[in-house]
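Add chains Z, X and Y to chain V, keeping to what the hints say.
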Amino acid sequence: MTEKSPPAHGPIGSPEGVGVFICSCGGIISRKIDLQRLRALAAAYPNVRDVVSFDQCCQGPAMGEIRLSLMAGDIDRFVVVGCSARTASDRFEQLAESAGICPDLVTFSNLLDLCAAYSKPEAQSKAEHMLRTSLKRSTMLQITPRSEEERLMTVLVIGNGPSAITASRSLLDEGLSVVVVNPTQRLEESDHQSVIPLEGGALEQMTKAAGDRFRVLDGTEVLSFTGHPGHFLVTVSKGREKWEEASGAIIIALDKVGSEGLMSSYLPGTITQEELEAKLKALEKLPKNIVMVAMDEDETAERSPMSTHDAVHHSMHAKGLSSSSSVTVIAREFYAFGQCEVGYRKAQEMGVRFIRSEKIPAVDEGSLIVNDIHTGYDIRIPADMIVIDNRTQSFGTKKVAKAFSLPLAVDGTMARANPKSRPVATHLPGIFLCGSASEMNLGAGPTMSAKAAASRAASLLHSRIMSGGNVAEVDPKRCSSCMTCVRTCPFHAPRIGKEGKAEVDIALCQGCGMCAASCPSKAIQVYSWRDDQIIAEISSVLEDEGQ
Amino acid sequence: MRIIGFVCRDSALPAVEHAASKEDPYPSFITLVEMPCTGRVDVVHILRAFREGADAVFVAGCLEGNCKYQYGNIEARKRVTLTKSLLQAAGLEPERLEMFNLASNQGWRFPEIVQEMVSRVERLGPNPIGKVKT
Amino acid sequence: MIIAEQKPLDFVIETLDEHKNVLVVGCRSCVAVCLAGGEKEAGILKESLHLHSDLTGKGWNIEEITLERACEKEWVREMASAMEGKDAVVSLACGVGAQVIHEMYPSVLMVPGVNTVSMGAPDEQGIYMEKCAGCGDCVLHLTGGICPVARCSKSLMNGPCGGSQKGKCEIDPDTPCGWDLIYRSLKEQGRLDLMDVLIPPKNWRLSRSGGPRKTVRKEAVQTPEEKRIGGASQ
Amino acid sequence: MKASSNLQRVLDSGHFAVTAEIGPPKGANPDVLRKHARNMKGYADAFNLTDNQTAVVRLSSWASSLVCLQEGIEPVMQMACRDRNRIAIQSDALGASALGVRNVLCLTGDHQIFGNQKEAKNVYDLDSIQELMVLRSMRDEGKTWGGDALDSAPQLYLGAVENPFGDPFEFRVPRLAKKVAAGADFVQTQSIYDMERFEKFMDEVRDRGIDRKVHILAGVLPLKSAKVALYMKNKVSGMSVPDSIIERMKNATDAKAEGIKLCVETIDHLKQVKGVHGVHIMAVAWEEKVPEIVREAGLCPRPTIVESVQ
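Protein chains in written order, with this note's numbering: chain V, 5 to 551; chain Z, -12 to 121; chain X, 920 to 1153; chain Y, 2 to 311.
Calculated from the structure, these hints are not laboratory results. Accuracy of the hints is not assured; some may be wrong.
Cross-link-like lysine to aspartate or glutamate pairs, in silico, EDC-like; alpha carbons within 16 angstroms at most [what the hints assert, rightly or not]:
1. X:Lys977 <-> X:Glu1022
2. V:Lys502 <-> V:Asp536
3. V:Lys363 <-> V:Glu353
4. X:Lys1106 <-> Y:Glu171
5. Y:Lys275 <-> Y:Asp212
6. Y:Lys42 <-> Y:Glu200
7. V:Lys505 <-> X:Glu987
8. V:Lys481 <-> X:Glu997
9. V:Lys403 <-> V:Glu279
10. Y:Lys236 <-> X:Asp1091
11. Y:Lys228 <-> Y:Asp244
12. Y:Lys225 <-> Y:Glu289
13. V:Lys140 <-> Z:Glu21
14. Y:Lys262 <-> Y:Glu248
15. Z:Lys71 <-> X:Asp929
16. Y:Lys119 <-> X:Asp1091
17. Y:Lys236 <-> X:Asp1093
18. V:Lys363 <-> V:Glu345
19. Y:Lys275 <-> Y:Glu200
20. V:Lys36 <-> V:Asp94
21. Y:Lys290 <-> Y:Glu308
22. X:Lys1085 <-> Y:Glu171
23. V:Lys124 <-> Z:Asp11
24. V:Lys481 <-> X:Glu987
Over 12 angstroms on every C-beta distance to chain X, these chain V residues come out as not near it, computed from the model [what the hints assert, rightly or not]:
25. Ser18
26. Gln63
27. Asp177
28. Gln189
29. Thr230
30. Glu362
31. Gly380
32. Leu412
33. Pro524
34. Asp535
35. Ile539
As the structure is a prediction and not an experimental result, all values here were calculated from the model. Ideal Cβ placement from N, Cα and C applies to all residues, glycine included.
One chain only, chain V, in its complex shape (with noise of 0.2 angstroms):
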């Protein structure tokens, strides 16, 4: 159901009239700026049918009046004058839905961040600038193509362990089917980086409860995808069978696997944190003196924050199980974060010793001699008995990235689309991912990375998921059919198609206009962004400021 736009290489078409809603911001732009020589700039402009000036723009009784004056008919696209899209968009974009115009012909002028700093001459001439601006932008808009996609209320998980039972169970809560593609022969369910196991039998129990909404294929791979958020096909292979898998969106929920000493120097006896943890879930007695050797013999090896947080947390449990056992933890450099801070603390608390060391403790007599990195001097620390990390392998991390061309991150982890902001997602748009094979897990283990990415999953299938807008749109009068688009596009949204010409999926397209810059034939352009869009603002900006 794609409304009609016209070609974002046709001429930009004229506007049939242009609304200018100036908001005063609780008196914080009036105060510098003359909003009464604004209004009359505004209504002299070509094409402006209506300029009004509130208080508050954003407040109800504004917005009402404001739906009325779209509503009269003569008025396609406006221009809020006041603060930042980021702030605003949203608002007015439903606002103009809702009144039948497209919201990508809404125009923001932030005066409010960008004017009302200055001295009040300089203000005022700096916000008539930005109103001519916005004005000439605002009528070089036109209609963006848009659609809303069909929603297919399945999620493909891929994984092999706890953190794609955790997703599942999320999803089928949330009232959707799941299919796990299990490249494994069972789904573990024992969760090697956490204390706290999951309940037994939660597998089974889910299975039953969820009926045909529940479907794990074991022993299968993902081979490629095709689709978009609300429909992609995944094919998956088991053996040399090959079909194709339908869902709405997608979780990469790998978990590490399998355990091997890191440390080849050390002798036997040598146990592994996960032997450790074994112990201590059999409340076996221990030794007196114990000390944990969190690093790699690799100096050069990424520093991983779970190294620190097995540690912090497996000697919190050595003490509480056995407090007057002396408890060491050794490493480079400790990295705790999230609840792994606390549990930082509470372990020096409970008297666990920490020492950072650059070089691996050399093993003598019973004994473990650390190069204390502050004091610089060696100390000779009784161990009865020694724990290194757990040398965990990504189970098929590699095929899957290839399967979903998903960067790697440095240590060999799936990269997210930003640690910080998107920590659960990929940079591919109804991708997620989540699982202790993704980039680190800060600590509060695979679980809760998990919740979270069924929780995006579950969110983006239960609204409306609309595509276009200010999309790349391909003229295959010019297009060359090079590739170059195809290379360069994150999101494989533009392919050869069956004309032999570039086209733009646009439930794939994010609308950044690399492919447009970068097209040798110029023919490709970006909705909102078009060559001569562009370039006209640089005149009219340039032409203004020189007056």
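Just chains Z, X and Y now, with coordinates in the frame of chain V:
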């Protein structure tokens, strides 16, 4: 003085907005052109800005490795480098053009960028095109 | 496809010299695909020249046009109206296109905007390798699908010279040894016996050495009658 | 004027042959050449005159060959494919034969990128194997390659080069076989330091019976210093120099003497390798040392074989 900045709307623009809303707004002769991503900025856009009389042009995108679109800012950097060589050949000092990377919460960096470009223009003088045209 | 690379802007500026009315011509074919001379590059060149003119007060009048294929007269004719009043053309089309343009508009200065480098293919975006030398006598069936003429620095026909080292050519450690590739390919195909065959001196007459080559496809050549009535007459 | 080549007679009579290389001067004065010729006379059966080796312009190999003839020593005229097309190659071969040059060494030639004329257009109309085919057909069939009969055929003893250390290693012996099939009467190899790899090469040569079809002269190049050894190892493509040799040169108190000693030892070793019928001494810019090397290697005096009456 006329300085034009192509700013990415996800990081550089919020940074500027943040910086400008404090007591110390940037000089009003600096004009910004909002871009969806600096990866959209093309060589012709920059050249046109100089032709229209800009004394300096900067492109401000996200920190490398932090682009919402993965590598738009890297594409932009490559294009800025190319454009500098074209400016040189056309007869304009390449220092009038620069690429900057800043995060949306690095508003404090914007005045530095402005200062850098302003001092370059002060050193190089105005874009000679203005004189030629009039 | 034909691989070209841009000449420096300084060269174009110098060569245009006193010519004021300039048409920059791009081509949507090979040079667009190898990112040297499509509409984008034509736009950049036009803008650069314009900037230079504005800075120096030369008062150049510069326009641009991008042809579908600059190597065919019918397409080149499409620039006729843009050529009105022009005294120079900067061609971003390959050497072939540039000459066809010149044939159609012989009175104006032809400034080559690109160097036509080779017939090749992208190894990856932005990196192009020569694959064919147009020798007129293809032997790929004997050489494992890899051309010794284009991909051996010495165009040897009987195997690698003594300078082949670990798969690389002696002239440049970045250049693969063509004969090493051929050897591996034939080994893979189980046809190494072909390496032992003595290849006699090559018939270079079919190559450029034989003078400009005219290729005739008899069935396609139009009779005078066909030419008179058909589209070619227009 | 002799009708056949001295080198051919020495080799065919089963003697262990010696050839030595003379680099023509970078100028028009032939005196250095004459000095070398006089100094080396009697210490080798024939002398190679290089043809703009490493693509550096020098006095031409055919003119140098004539100087050698004037000085009474037998030349091996080198003829690279880099600078001549088949017309020039055939014409030069006729000219050389006419003036008494009896040995021609066919080689592809170093790429011009290594020389002092990097911008030159190379020719490579023929490769070295095709050059052998062309010259043999002139000599044996009395025809130019184009098919025209010659009024008299050139008298040439045809040589080829082989580098046992090039890659792909498995193809080096088959490539030698191709040269032999194309017409090579004798072969001079790249200088040998890596004896292990050379012996492996010779094992395969004997397995295929190539040593019975062609005379192989193993190349030796006396090292002046450890630096030269390193240069050969790292900069000269298709060269294998074991670290032990570099170490030996580094540790020597008198590097030059050590280099000569090493060269003599190598020749002694090569004499024992079955299928090696002689040595080719390349004393690059050190030609004055050739007599000493030949003497020390016990290869003096050189045999005189009387030309059999045809």
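Here is what the structure says about each hint:
1. X:Lys977 <-> X:Glu1022: This hinted pair is violated, its Cα atoms lying about 28 angstroms apart.
2. V:Lys502 <-> V:Asp536: violated, 29 angstroms
3. V:Lys363 <-> V:Glu353: violated, 26 angstroms
4. X:Lys1106 <-> Y:Glu171: holds, 11 angstroms
5. Y:Lys275 <-> Y:Asp212: Within the cut-off at roughly 8 angstroms; holds.
6. Y:Lys42 <-> Y:Glu200: violated, 31 angstroms
7. V:Lys505 <-> X:Glu987: Holds, because 14 angstroms separates the two Cα atoms, which is no more than 16 angstroms.
8. V:Lys481 <-> X:Glu997: holds, 15 angstroms
9. V:Lys403 <-> V:Glu279: violated, 29 angstroms
10. Y:Lys236 <-> X:Asp1091: holds, 11 angstroms
11. Y:Lys228 <-> Y:Asp244: holds, 12 angstroms
12. Y:Lys225 <-> Y:Glu289: holds, 13 angstroms
13. V:Lys140 <-> Z:Glu21: holds, 14 angstroms
14. Y:Lys262 <-> Y:Glu248: The hint holds at about 15 angstroms.
15. Z:Lys71 <-> X:Asp929: Answer holds: Lys71 of chain Z to Asp929 of chain X is near 13 angstroms, not above 16 angstroms.
16. Y:Lys119 <-> X:Asp1091: holds, 13 angstroms
17. Y:Lys236 <-> X:Asp1093: The given pair, whose Cα atoms are some 15 angstroms apart, holds under the 16 angstroms limit.
18. V:Lys363 <-> V:Glu345: violated, 24 angstroms
19. Y:Lys275 <-> Y:Glu200: holds, 9 angstroms
20. V:Lys36 <-> V:Asp94: Given pair Lys36 of chain V, Asp94 of chain V is violated - Cα atoms ~27 angstroms apart, limit 16 angstroms.
21. Y:Lys290 <-> Y:Glu308: violated, 30 angstroms
22. X:Lys1085 <-> Y:Glu171: With Cα atoms ~12 angstroms apart, Lys1085 of chain X and Glu171 of chain Y stay inside 16 angstroms; holds.
23. V:Lys124 <-> Z:Asp11: Holds: Lys124 of chain V and Asp11 of chain Z sit about 14 angstroms apart, inside 16 angstroms.
24. V:Lys481 <-> X:Glu987: Given pair Lys481 of chain V, Glu987 of chain X holds - Cα atoms ~9 angstroms apart, limit 16 angstroms.
25. Ser18: With a cut-off of 12 angstroms, Ser18 of chain V remains clear of chain X, as the shortest Cβ separation is near 25 angstroms.
26. Gln63: holds, 46 angstroms
27. Asp177: holds, 45 angstroms
28. Gln189: The claim stands: Gln189 of chain V keeps its Cβ more than 12 angstroms from every Cβ of chain X (closest is about 36 angstroms).
29. Thr230: holds, 22 angstroms
30. Glu362: Since the minimum Cβ distance to chain X is about 38 angstroms, Glu362 of chain V lies beyond 12 angstroms and the statement holds.
31. Gly380: Gly380 of chain V clear of chain X: closest Cβ-Cβ about 46 angstroms, beyond 12 angstroms.
32. Leu412: holds, 19 angstroms
33. Pro524: violated, 4 angstroms
34. Asp535: Violated: least Cβ distance 8 angstroms, not greater than 12 angstroms.
35. Ile539: About 10 angstroms separates Ile539 of chain V from the closest Cβ of chain X, which leaves it inside 12 angstroms; violated.
The structure is inconsistent with the numbered hints 1, 2, 3, 6, 9, 18, 20, 21, 33, 34, 35, although it conforms to all the rest.
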